[in-house]
Amino acid sequence: MDADLIVLVLFAAIKTGTPLLLIALGEVICEKSGILNLGQEGMMLMGAVVGFIAAYSTGNAGFGVLAAMLMGSFMSLIFGVLVLHLGANQVATGLALTIFGTGLSAFIGSDFVGHTVQGFQPIAIPLLSKIPYLGEILFNHDILVYLSFVLAVIIAYVANKTRIGLVLKAVGENPHAANAIGIKVLRVRYLAIMFGGAMTGLAGSYMSLVYTPMWAENMTAGRGWIALALVVFASWRVGRIMLGAYLFGFASIMHLVLQGLGVDISSNLLAMMPYVATVIVMVIISADQFKEKLLAPRSLGKPFDPRHMA
Amino acid sequence: MAETLKKRHLIPRIELANITKQYPGCLANDNVSLTLMPGEIHALLGENGAGKSTLVKTIYGVVAPDSGDIIWDGKAVEIKSPSIARDLGIGMVFQHFSLFETLTVSQNIELCLSKKQLIAIGDLAKKITELSKEYGLDVNPNRYVHSLSIGERQRVEIMRCLVQSVKLLILDEPTSVLTPQEVSGLFEVLRTLAKEGCSILFISHKLHEVTEICQQATILRGGKVVDTCEPSKETPASIAKMMVGDLAEQDAGYSKKVGTHTVFEAKSLTLPAKHPFGTSLKNINFDLKAGEILGIAGVAGNGQDELMAIISGEDDRNVNNTLTFLSQSIGNLSAGGRRKLGMAYVPEERLGRGAVPDMSLTENTLLTHSEGFVKNGLVQWQSLKNYANTLISHYKIKCHGEFSEAKSLSGGNLQKFIMGREIGQNPKVLICAHPTWGVDVGAALAIHQALLELRDQGAAILLVSEDIDELFLLADRMGAVCDGYLSPVIKTEDATIDQIGQWMAGTFIDTSSQHPEEAIA
Numbered sequence: 129m130d131a132d133l134i135v136l137v138l139f140a141a142i143k144t145g146t147p148l149l150l151i152a153l154g155e156v157i158c159e160k161s162g163i164l165n166l167g168q169e170g171m172m173l174m175g176a177v178v179g180f181i182a183a184y185s186t187g188n189a190g191f192g193v194l195a196a197m198l199m200g201s202f203m204s205l206i207f208g209v210l211v212l213h214l215g216a217n218q219v220a221t222g223l224a225l226t227i228f229g230t231g232l233s234a235f236i237g238s239d240f241v242g243h244t245v246q247g248f249q250p251i252a253i254p255l256l257s258k259i260p261y262l263g264e265i266l267f268n269h270d271i272l273v274y275l276s277f278v279l280a281v282i283i284a285y286v287a288n289k290t291r292i293g294l295v296l297k298a299v300g301e302n303p304h305a306a307n308a309i310g311i312k313v314l315r316v317r318y319l320a321i322m323f324g325g326a327m328t329g330l331a332g333s334y335m336s337l338v339y340t341p342m343w344a345e346n347m348t349a350g351r352g353w354i355a356l357a358l359v360v361f362a363s364w365r366v367g368r369i370m371l372g373a374y375l376f377g378f379a380s381i382m383h384l385v386l387q388g389l390g391v392d393i394s395s396n397l398l399a400m401m402p403y404v405a406t407v408i409v410m411v412i413i414s415a416d417q418f419k420e421k422l423l424a425p426r427s428l429g430k431p432f433d434p435r436h437m438a
Numbered sequence: 094m095a096e097t098l099k100k101r102h103l104i105p106r107i108e109l110a111n112i113t114k115q116y117p118g119c120l121a122n123d124n125v126s127l128t129l130m131p132g133e134i135h136a137l138l139g140e141n142g143a144g145k146s147t148l149v150k151t152i153y154g155v156v157a158p159d160s161g162d163i164i165w166d167g168k169a170v171e172i173k174s175p176s177i178a179r180d181l182g183i184g185m186v187f188q189h190f191s192l193f194e195t196l197t198v199s200q201n202i203e204l205c206l207s208k209k210q211l212i213a214i215g216d217l218a219k220k221i222t223e224l225s226k227e228y229g230l231d232v233n234p235n236r237y238v239h240s241l242s243i244g245e246r247q248r249v250e251i252m253r254c255l256v257q258s259v260k261l262l263i264l265d266e267p268t269s270v271l272t273p274q275e276v277s278g279l280f281e282v283l284r285t286l287a288k289e290g291c292s293i294l295f296i297s298h299k300l301h302e303v304t305e306i307c308q309q310a311t312i313l314r315g316g317k318v319v320d321t322c323e324p325s326k327e328t329p330a331s332i333a334k335m336m337v338g339d340l341a342e343q344d345a346g347y348s349k350k351v352g353t354h355t356v357f358e359a360k361s362l363t364l365p366a367k368h369p370f371g372t373s374l375k376n377i378n379f380d381l382k383a384g385e386i387l388g389i390a391g392v393a394g395n396g397q398d399e400l401m402a403i404i405s406g407e408d409d410r411n412v413n414n415t416l417t418f419l420s421q422s423i424g425n426l427s428a429g430g431r432r433k434l435g436m437a438y439v440p441e442e443r444l445g446r447g448a449v450p451d452m453s454l455t456e457n458t459l460l461t462h463s464e465g466f467v468k469n470g471l472v473q474w475q476s477l478k479n480y481a482n483t484l485i486s487h488y489k490i491k492c493h494g495e496f497s498e499a500k501s502l503s504g505g506n507l508q509k510f511i512m513g514r515e516i517g518q519n520p521k522v523l524i525c526a527h528p529t530w531g532v533d534v535g536a537a538l539a540i541h542q543a544l545l546e547l548r549d550q551g552a553a554i555l556l557v558s559e560d561i562d563e564l565f566l567l568a569d570r571m572g573a574v575c576d577g578y579l580s581p582v583i584k585t586e587d588a589t590i591d592q593i594g595q596w597m598a599g600t601f602i603d604t605s606s607q608h609p610e611e612a613i614a
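Protein sequence lines, in the order shown, are assigned to chains A and B. If you read the first sequence in our numbering, its first letter stands for residue 129, the second for the next number, and so on. If you read the second sequence in our numbering, its first letter stands for residue 94, the second for the next number, and so on.
Warning: the hint list may mix true and false statements.
[Stated by the list, open to error] No farther apart than 27 angstroms at their CA atoms in a straight line, the calculated lysine-lysine pairs in the DSS-like style are these:
#  : chain 1 : residue 1 : chain 2 : residue 2
1  : B       : Lys260    : A       : Lys430
2  : A       : Lys312    : B       : Lys317
3  : B       : Lys489    : A       : Lys312
4  : A       : Lys289    : B       : Lys220
5  : B       : Lys208    : B       : Lys219
6  : B       : Lys360    : B       : Lys334
7  : A       : Lys312    : B       : Lys208
8  : B       : Lys209    : A       : Lys289
9  : B       : Lys350    : B       : Lys360
10 : B       : Lys478    : B       : Lys500
11 : B       : Lys317    : B       : Lys500
12 : B       : Lys317    : B       : Lys288
13 : B       : Lys584    : B       : Lys500
14 : B       : Lys208    : A       : Lys289
15 : B       : Lys288    : B       : Lys326
16 : B       : Lys219    : B       : Lys173
17 : B       : Lys220    : B       : Lys299
18 : B       : Lys500    : A       : Lys430
19 : B       : Lys317    : B       : Lys260
20 : B       : Lys367    : B       : Lys334
21 : B       : Lys173    : A       : Lys312
22 : B       : Lys521    : B       : Lys349
23 : A       : Lys289    : B       : Lys219
24 : B       : Lys521    : B       : Lys489
The set of hints was computed from the structure by calculation and includes no laboratory data.
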């Protein structure tokens, strides 16, 4: 295996990991506020199709991204109303959102299958991209990848260093106590859910505008689910989410690499690598219940309705 | 100067005028009026459901009253939210603490402050340390709350109010979770605060504390103010009478018994905690004798929950030879298996563990009484209903009928039902956690009598309670738990409150006697 191939593989791992990273960054904020949104896959597909249609119709990929983010937050707003206002079960509602998004995206996208758009082109960052190896791996991407780097830093900073992060953590740990000291729990949760939706929409548009600049039914192929696992894998820490996203991205392209090297393994077996990795990581993490409980938001998935308090 | 000072003292800190709050099916506050002067420590008394909590939540802006006025420092105000209350200078220490366990002390305090306040304070950690020294509240700003004891957590809550220069401090049953030594420490702090002009509104069930520290008392019953008094001029008995009306039969103490033979035994029970905020049990030894009540005192969170779970079988880890029932090892039996042998269990948590909230009393009866009421796999509903009705009438449980859902009952009535259900199985061993926690005086009396009756019939009873008075009243022998260790067990006649209080604080723990493997764990 020569250096060029390694560079190529790592470059591709970052590209493949980016949609996972975007979703997981949104979901971690959502989960820190105590809400588990399993609708990622559906929201991502809706983001992908709406982003593609908008970019195709206007000829501007930027509009596509914007439309996808709006669509993602609109989908998550539906989830928010059901879960926060009507007290629906978070798991069931999230699953419904996924099924709904999968079906609806196939329906509205049926006329656009087979078309392509002019997506984002790679931008080599001056100077940085000239660094041997590293420059090619990190600084020769399209704008959305750079955006994901910036967002990861901002989100890590906000979650760990600011009052917003403190409020978020408080709401996710003990909403009753947060309510009692005057934090508007529902407002915080709505915002967190909608932020998560926008990030997932963004990830969807990355799929249909950058990764494979076209629309195909169910094109996200379970990435929404992997991203959900990624949040647990990273034990709700942004730094680890970034690392995990690229690791999962690497696992997804492993089968291409090995085939290129002429290793004789069924591509079907290799294609399931990221899923196997997810299962193994989940098992390892769950085995240490002690740690899991300290790290997980303690009220994750539990409903809270201030109107029902005596 | 003297003139303004005098004037300031004439204006009440807070005046509640005709506060009324109607909940569906319950008039929680009915024309309640109350006045607090600066520097006054005022007790708010009443049985459960008398409307105390609703009233303080109204003051703190959590509950909006239907009608009535609040006058603060001579001006009418509308307190729409806790943040408005805090801006006025009202602080509240909740009964169930409103702290965040995964945050540090100073982060917890920071969350309660507005940006303006934070800027005014500057270095929050320094301010906390200063206030700690000033008031003798020992609080380290950098520690994580989950590592603090209950007493320390309460100090954090009080600190949270102090940081905002509080003018009215509301404490909801502050002493129910403290050791006697911690209680006297708390009272010192409250007295210092009052001397500086802070008004204190103090909710408590423990009447001797009220007579000790409060200058004024307002007594609520059924949402109405039924009486006011100066506690220093009253006795606990006379105040109790005002609280419950004429029903109060102050318990005169019951006779103590000596048990006959050992029914249940725990031998060197050692068990690591199951979750990060739990307590590990360390080498616990005790026995339960027929016809005797063993009382275990302790501040919440010192291993009581873990002990109850492993004895009842709810914690399903195999502790084979450490637990014996009539010389049969039961460490590997399930909770159901232990019940079949004749062990009954009244957990601390009534809704969710003692009873299923959405099921009727009849169905809840069936849960632990399956043997007699199931024939050939079919439930004998008629006889089950009759039995549930017998429980309701025997224990005077207030409910609509045997079809009422468990969650529709008040805490005290549900507790009477659960106690009755468990006692109705004629258990050989009854394990019972906090049987009268949050229960009013009348229901507590009924529960006490039911326990003593069961003891006199020859059952062995393990009573875990945070209420020391209750343990002295009921237990024949007693000990205390601290940090997962059990103190020596002595006869109640030989025990003093001071002794038990010290055991609750862990003075009996001799670190040198630990097994080496425990020291590592």
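A quick look at each hint next to the structure:
no. : hint                : in the structure
1   : B/Lys260 / A/Lys430 : violated (36 angstroms)
2   : A/Lys312 / B/Lys317 : violated (32 angstroms)
3   : B/Lys489 / A/Lys312 : violated (42 angstroms)
4   : A/Lys289 / B/Lys220 : holds (20 angstroms)
5   : B/Lys208 / B/Lys219 : holds (17 angstroms)
6   : B/Lys360 / B/Lys334 : violated (45 angstroms)
7   : A/Lys312 / B/Lys208 : holds (16 angstroms)
8   : B/Lys209 / A/Lys289 : holds (19 angstroms)
9   : B/Lys350 / B/Lys360 : holds (24 angstroms)
10  : B/Lys478 / B/Lys500 : holds (18 angstroms)
11  : B/Lys317 / B/Lys500 : holds (25 angstroms)
12  : B/Lys317 / B/Lys288 : violated (30 angstroms)
13  : B/Lys584 / B/Lys500 : violated (38 angstroms)
14  : B/Lys208 / A/Lys289 : holds (15 angstroms)
15  : B/Lys288 / B/Lys326 : holds (21 angstroms)
16  : B/Lys219 / B/Lys173 : violated (32 angstroms)
17  : B/Lys220 / B/Lys299 : violated (33 angstroms)
18  : B/Lys500 / A/Lys430 : holds (19 angstroms)
19  : B/Lys317 / B/Lys260 : holds (26 angstroms)
20  : B/Lys367 / B/Lys334 : violated (45 angstroms)
21  : B/Lys173 / A/Lys312 : holds (13 angstroms)
22  : B/Lys521 / B/Lys349 : holds (19 angstroms)
23  : A/Lys289 / B/Lys219 : holds (19 angstroms)
24  : B/Lys521 / B/Lys489 : holds (25 angstroms)
The structure does not agree with the numbered hints 1, 2, 3, 6, 12, 13, 16, 17 and 20 stated previously, though it agrees with the rest.
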